[in-house]
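Turn these sequences into a full structure, and let the hints guide you.
One line per chain: the protein sequences are A and B, in this order.
Per this note's numbering, the first sequence starts with residue 1, numbered consecutively.
Per this note's numbering, the second sequence starts with residue 1, numbered consecutively.
Honestly, the hints are just simulated from the structure, not real lab data.
Using 16 Å as the maximum straight-line C-alpha spacing, the simulated EDC-like pairs for lysine to aspartate or glutamate come out as follows:
1. B:Lys29 x A:Glu88
2. A:Lys76 x A:Glu88
3. B:Lys37 x A:Asp74
4. A:Lys78 x B:Glu50
5. B:Lys42 x A:Asp79
6. A:Lys76 x B:Glu46
7. B:Lys30 x A:Glu88
8. A:Lys166 x A:Glu273
9. B:Lys30 x A:Asp74
Using C-beta positions, here's what the derived DEER-type ranges look like:
10. A:Gly103 x B:Glu70: 50 to 60 Å
11. B:Thr48 x A:Ile7: 33 to 43 Å
12. A:Asp74 x B:Ala54: 22 to 32 Å
13. B:Glu60 x A:Asp74: 27 to 37 Å
To give a feel for the contact side, a few chain B residues facing chain A, derived at Cβ under 8 Å:
14. Leu7
15. Gln13
16. Leu15
17. Ile16
18. Ser17
19. Leu18
20. Asn20
21. Ala22
22. Ile23
23. Phe28
24. Lys29
25. Arg35
26. Val36
27. Val40
28. Glu46
Glycine included, every Cβ here is placed at the ideal spot set by N, Cα and C.
Residue-level listing of the chains:
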Amino acid sequence: MSILLLILAILPIVAGIIIKIMFVPAVEGISVTGAHIFFTIDLPLGGLPITESQVNSWLVILSLFFFCLFLTHDLKTKDISKRQVIAEWIVEAVDKMVLKNMGDFFMGFGPFIAAIMGLSAMTSLMSVVGLFPATSDINVVGGWAILVFFVITYYKLKAGILVYLKGFTEPVAFFAPVNVASEFATPFSMAFRHYGNVLSGSIISVLIASVLGALSNLVFQWLPEPLSSIEFFRIGLPAIFSIYFDLFSGCLQAFIFAMLTMLYVSNGFPQDEYFKRKALKHAKENKK
Amino acid sequence: MNELDVLSVNIWQILISLFNLAILYFLFKKFLFARVKAIVAKRASEVTAEYDKAQKATEEANEIKASWEEKIKTADAKAEEIIQAAVEKADNRSEVMLYESREKAESIVRKAKADAERERAEAQATIKQEIVDVSTALSEKIIGREINMDDHRSLIDSFIDNMGDE
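So this is what it looks like as structure tokens:
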């Protein structure tokens, strides 16, 4: 059962590699392009292209879903397995982080933060196995940032629309346009930060690969014909660089995105006004 | 056009991505956090129940211990009582036995005395008779004649009686 679920968790990634090999043409030379479009569904507003970003995102979601099932099936209260230790550790670590950064009012944010980190890290890490990292598509991270923006606004509105609108006139009414602009800048900055970092990582990886290829040609041009065309420097070396750009940067960006979400939501929430309002409401109900 | 541009915005893709995150949130909530939290809560309640059980057991043990201590205390008193009763009983019995044996001894002595008395009386009677007989015979020989036996007998009897009295 566990093994089956673990296989099901890995299978989507394997499927992604197979899809890439079968449908995505190999890129010749140095080129930085977006995701490959498999087909386009006719819809207004430009149609919906089903691209590598979408497919890879879904594969990651499937993989994470099965991984969750793998971790949490057959939980026990005694004699717990290693799987359960990992599952409990993940939940505890995320909850602790949420508590530290957002306070106990936002304890329900654990799954959301875990989802952001898991999805972002996993989609970025897909570049390790040579797949297109969906986070280097602005539409993907844009969607997340907009969702986060909705969540931020929802919590800002919790203390009433008047408090929300009044928040824009602080410290003085004169700043209102700036405040509105900065409000909408939040999702943009989040999306572009994440997208830009992952994309730049990809670009740097491509550049390093090409530079190493050129260097290899230069150094080994004295070798006889079939050997000189092999780019020796491109064997292994780019992988070392990609440890930083794919592994480290991917995880770091996921962490930053989650951190910013937590900070924006908890900072935007007018806690004092909310509790004052709640107390008032409570008092009114008691009077009745 | 087979590839997206590096920077291309498509509202549907953004929406899909938005819902992807929302879906993963629900999946994590339902299949990771809810499950783990449920099991952790269950374990916590089990631990509390176990503690309660242990406490109850300790209390019960203490109660039993107290009752036993009480019992032991009363048992000591009871043992003392029993011993007291036994001693008393033994005392009584020994007294009775002593009394009985004394009685018995006395009766034996009395019987022996009576026997001796009776035997003495018998012996006295026999001796008397013999003396009478002997003296009669002697007298007959001395006097040489038949004397009135009855007279003679009464005479000697009185003599002997007198002799005995002296």
